[in-house]
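**Q** The opening residue of the sequence shown carries number 82 in this note's numbering; numbering runs sequentially from there.
It cannot be assumed that every hint is accurate.
[What the hints assert, rightly or not] Listed below are the simulated DSSO-like cross-link pairs for lysine-lysine, each with C-alpha atoms no more than 30 Å apart in a straight line:
(1) Lys98 <-> Lys86
(2) Lys98 <-> Lys121
(3) Lys118 <-> Lys86
(4) Lys118 <-> Lys98
(5) Lys86 <-> Lys121
It is worth saying that the hints were derived from the structure and are not from the lab.
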Amino acid sequence: MLCNKCGGVLSVIRIEKVPKDKKYIDYERLCDVECLKCNKVFYSQPYDNGKRINMVRKITRKDT
82 MLCNKCGGVL
92 SVIRIEKVPK
102 DKKYIDYERL
112 CDVECLKCNK
122 VFYSQPYDNG
132 KRINMVRKIT
142 RKDT
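The whole structure should be built from the sequences, with the hints applied where relevant.
**A** Have a look at this one:
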């Protein structure tokens, strides 16, 4: 993915763990990504399926 602010490359910095009450195959994990050029962080991006950028939902420390 590329940053919509500066065109830099987005790097995954955190991946949400699958909750224990969910099946891995049915759960779409989210991740946080950071632009390597401008350091802007985008929270709650799709990790498992190639969807567009999501609205922001910060992953809490408990989820990681």
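**Q** Decide, hint by hint, whether the structure agrees.
**A** Results of checking the hints against the structure:
At roughly 28 Å between alpha-carbon atoms, Lys98 and Lys86 fall within 30 Å of each other, so this suggested pair holds. The hinted pair formed by Lys98 and Lys121 meets the criterion: a straight-line CA distance of about 23 Å does not exceed 30 Å. Of the pairs offered as hints, the one joining Lys118 and Lys86 holds, with about 10 Å between alpha carbons and a cut-off of 30 Å not exceeded. A threshold of 30 Å between alpha carbons decides the hint, and for Lys118 with Lys98 the separation of about 27 Å falls inside it, so the pair holds.
For the given pair, Lys86 sits about 8 Å from Lys121 by alpha-carbon distance, which is consistent with the 30 Å threshold.
The structure meets every hint from the earlier list without exception.
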